[in-house]
Amino acid sequence: MEILYVLIPLTLILVAAGCWAFFWAVDSGQFDDLDSPGWDALDDREPNSGGAREG
Amino acid sequence: MSDRHDEPRCFHCQEPLAGSTLTARIGTRLEPVCCPGCQAVAEMISGSGLADYYIRRTTPSPRPATEEASWQAYLEPQVAAAFVSRGPAVDSVELLIENLRCPACGWLIERAVGAIPDVKTVDINAGLGRAHIEWTAGASRFEQIMRTIAQLGYVPHPVTEETTSRVYCAERRSMLKRFVVATFGMMQVMMFAVAGYSAELGGERIDPTLEHYFRLVSLLVSVPVLFYAGQPFLANAWNSLRTRSVSMDLTVSAALVLAFVASTWNTFAGHGEVYFDSITMFVFFLTLVRLIELIVRHRTSSVADALARHLPATAQRVVGEKVESVPIGQLRRGDEVIVPSGAIVPADGYIVEGTTLLDESLLTGESLPVARRVGDRVASGSINTGSPVRIAVTATGSSTVLSNIVNLLRRAQTRKPPAMRTANRAAAVFLRVVLVASVVVCATWLAVDPQRAFAATLAVLVVACPCAFSIATPAALAASTARLARQGVLVTRPEALETLADIDHVIFDKTGTLTRGEIQLAGCEVVGSRSREECLAIAAALERSSGHPIASAFRNMETAGLTATDIATVPGFGIEGTIDGKRYRIGISAFAAELRGVAVPRTGEHIDATTIVLGDEHEALAVFTLSDALREDSPAAVEKLRALGIDSEILSGDGSSAVAAIAKRCGVSRFFARRTPNQKLSRVHELQSQGRRVAMVGDGINDAPVLGAANVSIAMGRGAALALAAADVIFVSERPSALAGVVRTARRTAQIARQNLLWAGLYNFSALPLAALGYIPPWAAALGMSASSLFVLLNALRLLPRESARKVSVTRETRTALATSA
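Chains as they are written, first to last, in the numbering used here: chain A, 3 to 57; chain B, 7 to 828.
Keep in mind that the hints were calculated from the coordinates and are not lab data.
Pairs of lysine to any residue, SDA-like flavour, derived with a Cα cap of 25 Å:
#1 B:Lys183 - A:Asp34
#2 B:Lys183 - A:Trp26
#3 B:Lys328 - B:Ser347
Non-contacting residues of chain B with respect to chain A, defined by C-beta distances greater than 10 Å in every case (computed):
#4 Arg153
#5 Gln457
#6 Thr565
#7 Glu623
#8 Lys670
Per label pair, the in silico range of CB-to-CB distance:
#9 B:Arg753 - A:Ala27: 40 to 50 Å
#10 B:Leu800 - A:Ala27: 25 to 35 Å
#11 B:Pro214 - A:Ala43: 49 to 59 Å
#12 A:Leu16 - B:Ala46: 49 to 59 Å
#13 B:Leu222 - A:Leu16: 13 to 23 Å
#14 B:Gly144 - A:Trp26: 26 to 36 Å
No residue lacks a Cβ here, since even glycine has one placed at the ideal position from N, Cα and C.
Extracted from the complex, chain A is given alone in its bound form:
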């Protein structure tokens, strides 16, 4: 059972890392528009110089 004293802090660190990753994703705007980026995959043309999408 002593292993729990190591494993539980480890899960907590993992959870914290998950939260941090999600915060980063939200702050970089990945959840702002859930519709249009889906269409980009269907576009087989090279992105032209002006139309580049930036996060």
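Please arrange chain B on chain A, whose structure you already have, making use of the hints.
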């Protein structure tokens, strides 16, 4: 929607073709279009290699505006300067794009604008209808960008940094983060709780050291859940404490904080109950409900909705003899501005010239316009419903007028419907009862069984939260407002929906709401030796160069390669011209007959129509019947309303014969012609005194008082700013038949709001005594309270439209043609 395929429709905007013979070249095919505007846009899209758009789109494309475009006001250098932010490397602009309806639209704009030289970044957010565009500094591309977007049929509006969408975006982001923290935290704490519960079930007890350890970890995880994820509730509770008011967040927070303090105490004391699982679960559900509420609210305030409340960016400043457009922010004390009819007063001041009626409803709530004359004070934000006036500016708000306007906007948006205010008042009373009850429950249990006192008090505080009760009506209203906005119907006052549900009489004010207001070709009777097509082509060629309103009836016709030369226009009579060496005349019959000296042919009579004749040197070729065309769905509108048990009548200022003809064709039995606004007003009052609830459909320009008097006012069209501000409901789609659908939605909304109120009321009143008697443990209370809120929200969500997979028909041939050409 089922009639979409029945009649030929425009390839671009999916409106009925209405007799148009125009086509647009898309890839290798010719597709029918309804007007030169759609033709130009479709060919431009195809010509730029963007025809994929037609495969991708899920909603019909906007019909390009033919009138003077509103966006051109933004091109004035001074105005543009206020919106274009200049950086060292790039200049950028934020645009709010009207009609941006689906991701494909965003893709189209991104491609088209991205193709402009110097443009570096095009970032489109289709969800919010926003675009962020950057281009090389100093490369003045602003005008070209605006023009390109407008040419695609969208209306671009530059916005300053402080827009609601930006606020929404930030709000959504922070809510998402809080939600994720609550979710992760709840999962962790629940894991430890389950360990304890399962040991208890087996009749054993968990190892005390391990239990203590679990409790410490749970405490650690609960801290961010409660103080980060739950922070909005705690902050609201603190605010209501300071203002000595009662809010729902107060009982929620009281329960949360009490449970947390007790649990922490017990953790360190090493005995007694801990409630960390209940706390985290409660915060999780509360955040979930708030998140859903936020999404519903944001969907509701769609781009179009935001624009309907958007005030103009420019003012007409008088400088010497000239009038120039300047951004509102540049107005200074002492300036003189002209406020045209239908415009919004840009700054506080007093009238120096002119007399008018001002609608100050945005400021005072007074719906009737008030008379203002020279020397009278006027307030910014009020709307000039009368004649143009000149105003001397005395104040431009506390800082700038723009920020002042933003405040006005906010105030207008946060105005709560009366039903909601009533529900909130009831909720406040109920909350006081709950607080008192929890004290009583606590005292009673302390006397009876001190062990259970804390749990019972906690349960009462949590279970009795009237959250569901107070979101019952607003959730339903928000959802149906969003639904209607998708159908091109903007609801400017949510409470109008409640009134609309009870409507039993509709007055069509002005025939203009049932007709298009533009002259159209109603009939073509061939009387000579030429075919119908030839006659139409000749007429179209002759009329092509004319600016007369009648010419617009022929504008959509193909000229089949014919060009008219030596054109002579005889005002009031007609046009004469030469085509392929032959002379033709088109105009009133006597004028056409002059060319050949033959008697005038007379044909079937149309009461509301004018006829013109096309003739050559030998004979009369064709008789054209022109009329102000009925909107094609007007009869359907009246019919559908009748099916809902709603009477229609026409109350028009027009002449009786025209009104009678339109009433006959729409199937309206009751109509009144040549009514003055006063007579219209008294008719509305008369109906209301008979107990009828009246909806008034107008064009919103000159009939503001009549619209204001009706129970619900509905404006048709994309008209002046005034029309948008004066009416409760605006039909951007310009389809009268949408009215029946709106009434149905309103009735369904009222029904769902009633269901919600009933459910929430039942829940609260039945759960409270049970909790007080100690039958509900705190975790069940948290679950019950959250479930009732979720139920209410989900019930309201039924009002939202279901996404249909593909609303726009693209024939298989078109698809293949496009796929091969691309």
